[in-house]
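Make the full structure from the sequences, and use the hints.
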Amino acid sequence: MTPRPRKDPEEEKFRLKTVLDYRRKVRDGLRQDLAGIRHTLDEAEGRLYVLEELREKSMGELETRQTEGMTAPEAGIFYTFLHELQKEIGRQRVKVGQIQGQFDVKRDEVLKAETDARMMESLHARDVRVRRKDESRKEQRQMDEAGRRRSRELPMV
Numbered sequence: 788m789t790p791r792p793r794k795d796p797e798e799e800k801f802r803l804k805t806v807l808d809y810r811r812k813v814r815d816g817l818r819q820d821l822a823g824i825r826h827t828l829d830e831a832e833g834r835l836y837v838l839e840e841l842r843e844k845s846m847g848e849l850e851t852r853q854t855e856g857m858t859a860p861e862a863g864i865f866y867t868f869l870h871e872l873q874k875e876i877g878r879q880r881v882k883v884g885q886i887q888g889q890f891d892v893k894r895d896e897v898l899k900a901e902t903d904a905r906m907m908e909s910l911h912a913r914d915v916r917v918r919r920k921d922e923s924r925k926e927q928r929q930m931d932e933a934g935r936r937r938s939r940e941l942p943m944v
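Under this note's numbering, the first residue of the sequence shown is numbered 788, with each subsequent residue one higher.
Keep in mind that the hints were calculated from the coordinates and are not lab data. Worth double-checking, as some hints may not be accurate.
Said to hold, decoys possible - In the DSBU-like style, the derived pairs of lysine-lysine whose C-alpha atoms are separated by at most 30 Å in a straight line are:
#: 1; residue 1: Lys899; residue 2: Lys804
#: 2; residue 1: Lys800; residue 2: Lys925
#: 3; residue 1: Lys899; residue 2: Lys882
Said to hold, decoys possible - Cβ-Cβ distance ranges computed for the label pairs, FRET-style:
#: 4; residue 1: Arg918; residue 2: Asp829; range: 40 to 50 Å
#: 5; residue 1: Arg852; residue 2: Lys812; range: 54 to 64 Å
#: 6; residue 1: Val915; residue 2: Gly884; range: 38 to 48 Å
#: 7; residue 1: Arg916; residue 2: Glu839; range: 54 to 64 Å
#: 8; residue 1: Arg878; residue 2: Gln853; range: 26 to 36 Å
The beta-carbon is built from N, C-alpha and C at its ideal position, and this holds for glycine as well.
Below is the structure:
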């Protein structure tokens with residue numbers, strides 16, 4: 788049987804602990820979602836880059852072949868290929884834009900969730916400070932009371 792991780796006793800006493808835990812889970816989940824969208828965006832941008840590189844290479848190849856002389860069917864194939872490639876590049880740019888929009892929306896959600904979690908964490912920290920101050924006052928009162936009792940119990944010389 789594995790030992791359970793020790794919990795902070797101050798956190799256990801926090802009356803809004805469930806809200807704090809919930810906000811932390813929401814924040815962490817949104818961060819994971821954002822990382823997934825970032826990965827998808829990186830892949831889409833990489834594909835767009837490859838397509839644009841292919842277009843540039845193909846344009847250079849077309850120019851080279853035109854100077855060397857090419858037949859009409861070859862030129863037709865090249866132009867058809869370049870036209871389809873340009874359409875694919877356009878579709879990929881749209882896709883990148885959509886994913887970028889999703890990323891921006893999710894980033895805003897993460898920022899809001901982080902703000903909410905930080906707010907709860909600062910409430911928790913304030914609660915801990917207040918509780919420790921109260922405990923310190925109680926201890927001081929007990930020590931003062933013990934000192935007064937002791938001074939009454941000691942014989943006068």
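Verification of the hints:
1. For the given pair, Lys899 sits about 19 Å from Lys804 by alpha-carbon distance, which is consistent with the 30 Å threshold.
2. Simply put, Lys800 and Lys925 have alpha-carbon atoms about 17 Å apart, close enough for the 30 Å limit, and the pair holds.
3. Taking the CA atoms of Lys899 and Lys882, the gap is near 26 Å; set against the 30 Å cutoff, the hint holds.
4. Between Arg918 and Asp829 the beta carbons are some 46 Å apart, a value that agrees with the proposed interval 40 to 50 Å.
5. For the pair Arg852 and Lys812, the beta carbons lie near 60 Å from each other, so the given range of 54 to 64 Å is met.
6. One distance hint, 38 to 48 Å for the beta-carbon pair Val915 and Gly884, holds here, with the actual separation near 46 Å.
7. Roughly 57 Å separates the CB atoms of Arg916 and Glu839, a value that falls within the hinted 54 to 64 Å.
8. Hint check: Arg878 to Gln853, Cβ distance near 27 Å, so the stated range 26 to 36 Å holds.
When each numbered hint is compared with the structure, no violation occurs for any of them.
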